[in-house]
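Residue numbers (the numbering used here), protein chains in the order written: chain A, 1 to 186; chain B, 187 to 497; chain C, 498 to 1115.
Hints are computed from structural coordinates only; laboratory data are not their basis. Just so you know, these numbers come straight off a predicted model, no measurement behind them. Any given hint could be a false lead.
Stated by the list, open to error - Lysine to aspartate or glutamate pairs mimicking EDC-like chemistry, simulated, CA-CA at most 16 angstroms apart:
#1 LYS212(B) x ASP45(A)
#2 LYS72(A) x ASP172(A)
#3 LYS75(A) x ASP1030(C)
What the hints assert, rightly or not - Heads up, incomplete: computed chain A residues facing chain B, CB under 10 angstroms, no partners named:
#4 ASN4
#5 ASN18
#6 HIS23
#7 TYR26
#8 TRP44
Said to hold, decoys possible - Covered by chain C, according to a simulated footprint, are these stretches of chain B (three or more residues, beta-carbon under 8 angstroms):
#9 232-245
#10 269-283
#11 296-308
#12 315-323
#13 389-396
By construction, the Cβ of each residue, glycine as well, lies at the ideal position given by its N, Cα and C atoms.
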Amino acid sequence: MDRNQIGKWFKNPSKMANKYSLHAIYFCTGCGIIEIPPSITTRWDAERFGIIPVATPRQANLFMITGYVSTKTLKAIIRTYEQMPEPKYTVAFGSCPINGGMYYDSYNTIKCLDKFIPVDGYIAGCMPRPEAVFIGVTHLWKLIDMDKANGYKKYRENYPFYRANQEQLFGDLDWPPLFPKENTNG
Amino acid sequence: MYFLHLFILALLALFSGIILVGISRKISARIHWRYGPPLLQPLIDVIKLFSQNSISHGFFFDFGIILTLVGSFILIFFIPVSNLYVMNSGGLIAVIYIMLLSPFGLAISAAAGANPNASIGITRKFLLSFAYEIPLLLILLSVMTHYNTISLVKIVDMQVDSGWSFGSGTLILSGISYLLILPAILGIRPFEVVNASQEISSGPLTEFGGKHLAFASIQHSLHTYAVLALFVDLFLGGSSLFGLLKPISSTIWGSLIGILVFLVKVAVLMIFCLFINAVFPRYRIDQAMKYIWKWPLLTAFVGLLIVSLLN
Amino acid sequence: MNLILILIISFGGAILTYLAGKISSKLRDILAVIISSGLFFYISSLFGTHFETKLWLNFLGFPLLLRLNQLAWIFTLVISLIGALAVIFSLSYIRGKEKTDYYYLMILTVNAAMMAIVLAGDLITFFIFWEIMSWTTFLMICYKKGPALKAGMKYIVMSIFGSMAMLIGILTIYTAFDTVVISELITKFASASPGFTLFTMIMFFIGFGVKNAIVPFHTWLPYAHAEAPSPFSSILSGVLIKIGVYGFILVLYVMVGVYKSLQLSSWLTGIKYTLSIIAAFTIVIPTLIAILQDDAKKLLAWSTIGQAGYIFLGLAFGTSLGLAGGMLHFFNHAFFKALLFLVVGAVEFRTNGIRDLNSLGGLSKKMPFTFIAALIGVAGLIGIPITNGFVSKWLIYKTLIIEHSPFLAFAALFGTWGTILYCYKFLHSIFLGQLPEKLKSVKRSPVNMRIPFFVLSVGIILFGILPGIPLRVINEIIVSTGLERLNISLWGLVSDTGILNTLNIFIAIVITGLIASFIFKLARRSRYVDQDDNYAAGAYVPKDKYNFSVDFYAPFYRMFENYLKDFFDILYDKIARTTEYLCDNIRKIYNGYVGNYVMYILIFLGILVFVQLKWSVF
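Model the full assembly from the supplied sequences, consistent with the hints where possible.
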């Protein structure tokens, strides 16, 4: 943890601040949310890393997808993700977001979350213990340092791809496109 | 000279505000047997918030939040620290009215976001303010009547000569009442009904992100500092150290030591409030109003009665 | 001659406008605007002059006098200004409704009558024009049919009660001193006995108290203001109430004199204490009742009652600071209350008559200019430091603290916090929050409505930054009543217990605001979203259901609803109903049987015979 190195703060303050002040939106998506309250309370104190839960997506910059994603929850997840301000980071827990995991043959779960919203990293475990969550957070810091945690930039640049996937699943969506299409020639 | 005072006061307020909020998170954590964030974590939060691209709901959304910060800054300029003060016109009455500017700005901004959670939060904020203003007004009036002036600078000067107000027999009841409602004015538990209410998803701050939330956080730290500084000026003698500093009070060293003494008093008061904050849950808004209107109101009323009868 | 000219222009202009309306409506509009604005400019040119003229008519042998001095000048100025702005506002408000000529006739006559009252030089002129103002106001309140008729009835009954009390006072003065001219009465009152002075003052206070809506007599005000057409409500709240203040100052300060009235009785029941306690009740209770209101105009009407209490609190003490505070608050309150009522009028006009706070919302996106005007008006009403409301309230608090009455200062400051609660409710429920679907097609205010908004807002901010402009005139008035002069400058006040420098505060707020906006602009740009892109826990935002305006201060209502009923209104209603019941029962002796009537005559003759036999009266 390089929070105490003042030189780095002066070189790139926004990157350092984004690393050490990750406000996680307190949105309980799946079964893994049971591991979050222990992480943020006294025993495995997440506040010393700068992570606190906030109530609304407008104030958050970390989105934790804790476990499987059902089709119904995916609508709320997409809306919440779009309401977060940039730069924002998404971390997924377990194997269900990667390939469906335990629910690979269910009609109701999403098999590959990365098609609908960009995910920056995955934490192994079903469900990962708080220690694993913290190791995942340190890996996220490393990615932010190397400028590789750019899921939000991928969302902005490839928005038609994500929007097409979402519309294929849900049909017509209630909300307008986040990044309106510019008319290209042809 | 004027601008030097302004600069030093503004810097002092920002710095101590952030350290006070940092102290509150650290001490709450330590009481809970955990480590807690570093002392400068609020500063890190503000830097992160300024680097976010957030949303806005229109002109009045932006205007309100700027008004909130302006209100808190102007309040800072009215509160003297050792012998630094920028504005004295209007005295304590102007302070009472400037304290209205911040909630008003926040109310316009939050409600322009068209979210009912924000509107409910603002309703609770105004009702809580209405509740604690009643004993607070009685306390301020008893101080003004006791010293027969409305100028805050004069009140601090008189305490250098005649001792702390808290220690004088006539104003002790007002001081105790002020201590009882201090958590309500600061907005910490058990009166944390306005912000960060998980019931109404952080109340007025619901639609704030990025720079709006940064302004609101800065305002929160300035407000904490201003409320504690007002108490120290009115009841704990400002920056006087039992009259020991009188011989060197007009030199640079005197001012610096005065500022240090002032900050120590503010920190002690904050830690006292934090001990209450760390162990209490929240009151509902009507429970909060009923609590404030029972013993604190009675004590403040009796305090004013005593002061007006003795004068 | 100048004053007679004013009367001729104002009254004659009213009748001329009515006749012009029969010819063409455009001519009538132009004539109304020209007359009212012309009067305003003419009166503002009469600054600093003193006149006393006699009308050529005599009334029952009394000569009718008019006079102009500083006190009358400031009142006439405010009356003509608010009148002119209300007429400009009515141009589009009343177009297309029925009886528009009648409307213009009435509104111009009310303005004319108010100006004549203030310019009156003797009490008979005063009373004549007082009565003209009362019944023209009654006719204006009843302009729209329906509940307005009941409201007008309440108003006129209470107003007649007050006028009769005032008539008794005038007649007692005439029989005692044999003159009704005000300038002569000043010298005659100096030699009157305290009991006599107290009696006339009480009679006059009842008369002025009804018009000014002090607490026992305030029950007509909420109904009348709510049901009258909005431009007239602004005149009612802005100036008509203050005619009571004018009369009060006339009796207390001018005729009887400050020093004499302060020595009237022992300290516990003196004028200072009774009046200030009544004023304190008038501040606290109507302000709290205003928080409970759901109708925008009723809320503003209760607020007017509360602010009138502030004026009386300032006037009750008889010091120069107090008189300055009271008069400045009268001047300022006309500005912001008229502005707020005109804002409600604009909203009513554009939304086809909705003024119920529970159905409105989010109009700041559709009517931004109106919202800014409402914001400035509300800021003035609360007393935020760069508006003129702050200066007048500061003067009143200063008076209270210097006079060692901190409990009254507490009541006044408590009133400010109640004001914030209902002002924010007013602002939020009309302009902020979610815009309902049915109001999505609301257009902006028309140009002629924006002119009064602009003039009044500029007035509020200008007199907040440079309060010396009205305070200079008020200083002259204070000196003319015999109190000591205040030490004022263009931007502030210096006295030995504290200074006020509004220019400093204004500069500080502006500079800090500029620095804060600069930092705001420097930060990352925000994306503008509309109201549907809102936090709803991941769900869609329901249209029309995401607005919080019903039960706005629910905890407050639950705690205080049972204690904050208008007990005087219930009392007067009960009295009225009991009287009606009694009179109804007395009527039953006329039951139509001739035999019964013969019996009544015989019984009465029998009583007469008995009395004659027993006591030989005849």
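Evaluated hints:
no. : hint                  : result
1   : LYS212(B) x ASP45(A)  : 12 angstroms, holds
2   : LYS72(A) x ASP172(A)  : 15 angstroms, holds
3   : LYS75(A) x ASP1030(C) : 14 angstroms, holds
4   : ASN4                  : 8 angstroms, holds
5   : ASN18                 : 5 angstroms, holds
6   : HIS23                 : 8 angstroms, holds
7   : TYR26                 : 8 angstroms, holds
8   : TRP44                 : 9 angstroms, holds
9   : 232-245               : holds (count 10)
10  : 269-283               : holds (count 10)
11  : 296-308               : holds (count 10)
12  : 315-323               : holds (count 5)
13  : 389-396               : holds (count 3)
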